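Undergrad: Spelled out from the first residue to the last, the chains are:
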Amino acid sequence: MTFFFEVLISGLLVGVMYSLVAMGFALIYKASGVFNFAQGDMSLLAGLALVGFLTVMPLWLALLCTFAVMTILAYGTVFIIFRPLVARPPLILFMAAIGLSFLIQGIGQAIWGTDAKGLNIGIPEISFEISGIYLNTFDLTFGGVATALVAGLVWFFQKTRTGRALRAVADDHEAALSVGIPLLRAWAVTWVIAGIVATVAGVAWGSRLGVQFSLSLIALKALPVLILGGIDSILGAILAGLLIGASENLAEVFIGPYVGGGIQTFFPYLVALIVLWFKPYGMFGKEIIERV
Amino acid sequence: MFYRECGVLKETYAKDMAIFPIPLDRWGLGVMLVLAFVVIPFTASDYWLSSIMLPFYCFSLAALGLNFLTGYAGQVSIGHAAFMAVGAYSSLILYGRYGVPLPLSIFGGGIFASAAGTIFGIPSLRIKGFYLAVSTLAAQFIIEWVLTHWQWVSGGVFGTIDAPDMYIFGWIIDTPVKKYYLVLCVLTLLTVFGKNLVRGQLGRNWTAIRDMDVAAEIIGVSLFRNKLIAFAVSSFYAGVAGSLITFTYYLAANIEEFNLFLSFHLLGMIIIGGMGTVLGSFFGAGFMTLLPIFINQTLLTIMERVPSDIRANSEAIVFGGLIVFFLIVEPYGMARLWQTIKEKMRLWPFPY
Numbered sequence: 178m179t180f181f182f183e184v185l186i187s188g189l190l191v192g193v194m195y196s197l198v199a200m201g202f203a204l205i206y207k208a209s210g211v212f213n214f215a216q217g218d219m220s221l222l223a224g225l226a227l228v229g230f231l232t233v234m235p236l237w238l239a240l241l242c243t244f245a246v247m248t249i250l251a252y253g254t255v256f257i258i259f260r261p262l263v264a265r266p267p268l269i270l271f272m273a274a275i276g277l278s279f280l281i282q283g284i285g286q287a288i289w290g291t292d293a294k295g296l297n298i299g300i301p302e303i304s305f306e307i308s309g310i311y312l313n314t315f316d317l318t319f320g321g322v323a324t325a326l327v328a329g330l331v332w333f334f335q336k337t338r339t340g341r342a343l344r345a346v347a348d349d350h351e352a353a354l355s356v357g358i359p360l361l362r363a364w365a366v367t368w369v370i371a372g373i374v375a376t377v378a379g380v381a382w383g384s385r386l387g388v389q390f391s392l393s394l395i396a397l398k399a400l401p402v403l404i405l406g407g408i409d410s411i412l413g414a415i416l417a418g419l420l421i422g423a424s425e426n427l428a429e430v431f432i433g434p435y436v437g438g439g440i441q442t443f444f445p446y447l448v449a450l451i452v453l454w455f456k457p458y459g460m461f462g463k464e465i466i467e468r469v
Numbered sequence: 266m267f268y269r270e271c272g273v274l275k276e277t278y279a280k281d282m283a284i285f286p287i288p289l290d291r292w293g294l295g296v297m298l299v300l301a302f303v304v305i306p307f308t309a310s311d312y313w314l315s316s317i318m319l320p321f322y323c324f325s326l327a328a329l330g331l332n333f334l335t336g337y338a339g340q341v342s343i344g345h346a347a348f349m350a351v352g353a354y355s356s357l358i359l360y361g362r363y364g365v366p367l368p369l370s371i372f373g374g375g376i377f378a379s380a381a382g383t384i385f386g387i388p389s390l391r392i393k394g395f396y397l398a399v400s401t402l403a404a405q406f407i408i409e410w411v412l413t414h415w416q417w418v419s420g421g422v423f424g425t426i427d428a429p430d431m432y433i434f435g436w437i438i439d440t441p442v443k444k445y446y447l448v449l450c451v452l453t454l455l456t457v458f459g460k461n462l463v464r465g466q467l468g469r470n471w472t473a474i475r476d477m478d479v480a481a482e483i484i485g486v487s488l489f490r491n492k493l494i495a496f497a498v499s500s501f502y503a504g505v506a507g508s509l510i511t512f513t514y515y516l517a518a519n520i521e522e523f524n525l526f527l528s529f530h531l532l533g534m535i536i537i538g539g540m541g542t543v544l545g546s547f548f549g550a551g552f553m554t555l556l557p558i559f560i561n562q563t564l565l566t567i568m569e570r571v572p573s574d575i576r577a578n579s580e581a582i583v584f585g586g587l588i589v590f591f592l593i594v595e596p597y598g599m600a601r602l603w604q605t606i607k608e609k610m611r612l613w614p615f616p617y
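Heads up: the protein sequence lines correspond to chains A and B, in order. Residue numbers 178 to 469, in this note's numbering, belong to the letters of the first sequence in order. Residue numbers 266 to 617, in this note's numbering, belong to the letters of the second sequence in order.
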C-alpha cells in the first residue's frame, strides 16, 4: 500500500508539470484561439536562455533576463506573426504555431547551442521519508512553486484591471474591442503569461532531464491533459494534469509489466479518448452548441 | 484569351463531366505526363531520381491521402505518419515473409493501413476540431508502441525490417529508373482514382460534412459512413505511400522514419499546398520536401566554414520562417495562387 502511495505521489508531482504546460496552451487558446503548438519550444527557449545567462550572472538577474527574452518573444509573435493572421481559420493559426515552433527551436539553439546542458538553480535534492513514503525536496519545491503560480494567476485574472481585460478578450473579442480594450496588446500580455508558465515548466523539467531539444517534447505530454480537461479551461488543465500524471504512473508500474512496458507514452491518450467519448469537449471545456 | 471556357461547346453529357473541360488544361497535363514519364527518367541523374523525385512522389501520395481527410472531409489528423508505418510494415511482411506478389503487397499494405485508420477514425464520430486532432495523436503513439513491442511484427531487431529485392513477375526492380517508374505508375493510378473520387458523390458528401456536419446530416448525408470512409481512403493512400517509400527509398521499415514530425510535415504540406485541392497536395509535398534540401545546399555554399549544428539551426529558422511567411501571404495555399494565375490567364494578353 505504501508503494502504491509512493507511485501515486510521484505521479501527482509529475502531473503538476503537465498541468503547467497544458495551462500555457489553455491560456493562449482561450484568449486568441491559437492552438499554440510552440508551448513546449517556449519552455525549451526559457531553459536555454536561463542556462546561458547563468554562466555570466547571478540567478535573480538571469531569471529577469529570461523573463525579458520571453516578453520579447511574446510581443514579436503577436505583432509579427499573428497580427496579419487575425480572423483566419483555426487550422491556419495552428500551422503558423508549428512554423513558430521551428523558429523558436532554431533561434534558441543557434544562440545557445544544441548540446545537452545541465541546469542547476540551487534547489537541493534531498530524499526523506514520511510514514514510509519517500519524497524529495526538489519535487516538493516545484510542486509548491507551481501551486503558487496557479494561485497568483487566479488572483491576477480575478482582481487586477489587466486580468479582467484579458478575461473580457477571452470571452468575446468584438465586445472587448468595443469597450476599448486593445486586442493585440491583450494577446501579447497573454503570451507573456504563457511564457512565464513555460519558463517555470522549462526550469523544472530542465533541471531534471537537462536542457536540450527533447525538452520541447513535453508539449506532447501536455496535449492529452489539455483535451481531457477541455482546451479552453484552466481549471481543467490543472485537474487533468494531476489525473493523467497519477494514472500514467500507476499504469506503468502496475499494468506495464504485463504488456511489455513503455505504455506511459500512449496511456494518457487512451484515458483522454475514453473520457472524450462521453464528454466530447473534455471535463471542463466550453461545449459548442451548433445550430443550422 | 486562349485559356477560357468560352468556345468550348459541350455537346454530350460525357463532355460536360470531363475533368478538364478546357483544351489548354488537357495539353498542359499531357506535357506534364510526358515530362514525368519520358523526360525526367532519361535526363535526370540517379541522385535526382532516387533522393529527390522518389520521396517527392511518395509524400505527394501521402499528402493527397491526408488532403481527402483534412481538406475535403474536414477531419484534422496529426497521426498520419503512423498509418504510413502500418502500410510499410504490413507490405514488407506480406512480400518478405509470405511471398505475396509485389503489387499486391503494396496495395495490401494500404488495406491494412486503411483498417487501422478506420479504427482510429471512430472517435471522429463524437469528437470534433482540435479535440479530434489531438485524439489522432493517439494513433501515432499506440501504433509506434505496437510496432516496437510486438516481436512478431518487427522480427525483434529495434523494430526494423529490411526491404528485400523487388521482383515483379520475375523482373527485378533495382535501378533508380525502374523504382521511379514503379512509384510514378502507382502515383498516377491513385491520383486519377482520387481525383474522380472527390468529383463524385463521395467527395460532395465529404465537402458537405466539412462545411457543416450538422447540416449535412440533416440533408441525409450519413456522418458515420462518410467520416469512416474518409479515414479509410485517406489511410489507404498513406499506407501505399508508406510502403512505396520504404521499398524504394528507405530500404528498411523503421518506425523512426514515421515519427510525429512526419505527421506535422504532411499537415504542413496540405496547408501550404492548399486544402481541398488535389493539385495542392503535389505543390505542398514539393515545397516541403524540396525546400529543406534547397536551403541546406544554399547554406552549404554560403557558409562552408560554419559548423554543422549552426547550419541545421539556420535550416530550422528559414523553414519555420518560410512557413509563417507563406501563411501570411497566401493563407489558402499554393493551389489558390495557381487559381489566381488561371483567372488572370482568361484575359491575357488583354487588360479586360
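A portion of the hints provided could be inaccurate.
To be verified - Below 27 angstroms or equal to it, Euclidean Cα-Cα: the simulated DSS-like pairs (lysine-lysine) are:
1. B/K393 <-> A/K456
2. B/K607 <-> B/K393
3. B/K393 <-> B/K460
4. A/K207 <-> B/K280
5. B/K393 <-> B/K609
6. A/K207 <-> A/K336
7. B/K443 <-> B/K460
8. A/K456 <-> A/K336
9. A/K463 <-> B/K393
Stated by the list, open to error - Some chain A residues judged to face chain B by a derived CB distance under 8 angstroms, without partners named:
10. P401
11. Y446
12. L450
For the record, the hints were derived by calculation from the structure and aren't laboratory data. Nothing here was measured: the structure is a model prediction, and the numbers come from that model. Idealized CB from N, CA, C, for every residue including glycine.
Undergrad: Check the hint pairing A/K456 with A/K336 against an upper bound of 27 angstroms on the C-alpha distance.
TA: Distance ~31 angstroms between A/K456 and A/K336 Cα, so the pair is violated.
Undergrad: Is A/K207 close enough to B/K280, meaning Cα to Cα at most 27 angstroms?
TA: Given pair A/K207, B/K280 is violated - Cα atoms ~51 angstroms apart, limit 27 angstroms.
Undergrad: Checking hints one by one. Is A/P401 an interface residue toward chain B, by the C-beta closer than 8 angstroms rule?
TA: Since chain B brings a Cβ to about 7 angstroms from A/P401, closer than 8 angstroms, the hint holds.
Undergrad: Is B/K607 within 27 angstroms of B/K393, Cα to Cα?
TA: Distance ~35 angstroms between B/K607 and B/K393 Cα, so the pair is violated.
Undergrad: Could you grab the alpha-carbon distance between B/K393 and B/K460 and see if it respects the 27 angstroms cut-off?
TA: Given that 27 angstroms is the threshold and the Cα spacing comes to 26 angstroms, the pair holds.
Undergrad: Straight-line Cα separation of B/K393 and A/K456 no greater than 27 angstroms?
TA: Holds - the C-alpha atoms of A/K456 and B/K393 are around 11 angstroms apart, at most 27 angstroms.
Undergrad: Within 27 angstroms, alpha carbon to alpha carbon, are B/K443 and B/K460?
TA: holds (26 angstroms)
Undergrad: Check whether the Cα positions of B/K393 and B/K609 lie no farther apart than 27 angstroms.
TA: Not OK: B/K393 and B/K609 at ~38 angstroms, beyond 27 angstroms, violated.
Undergrad: Quick one, are A/K463 and B/K393 close enough, alpha carbons at most 27 angstroms?
TA: Given that 27 angstroms is the threshold and the Cα spacing comes to 13 angstroms, the pair holds.
Undergrad: With a cut-off of 8 angstroms, does the beta carbon of A/L450 approach a beta carbon of chain B closely enough for the hint to hold?
TA: holds (6 angstroms)
Undergrad: When the nearest CB of chain B is found for A/Y446, is that gap smaller than 8 angstroms?
TA: holds (4 angstroms)
Undergrad: Just to be careful, I want the Cα atoms of A/K207 and A/K336 compared with a cutoff of 27 angstroms; is the pair within it?
TA: It holds: about 19 angstroms lies between the C-alpha atoms, which stays within 27 angstroms.
Of the numbered hints listed earlier, those contradicted by the structure are 2, 4, 5, 8.
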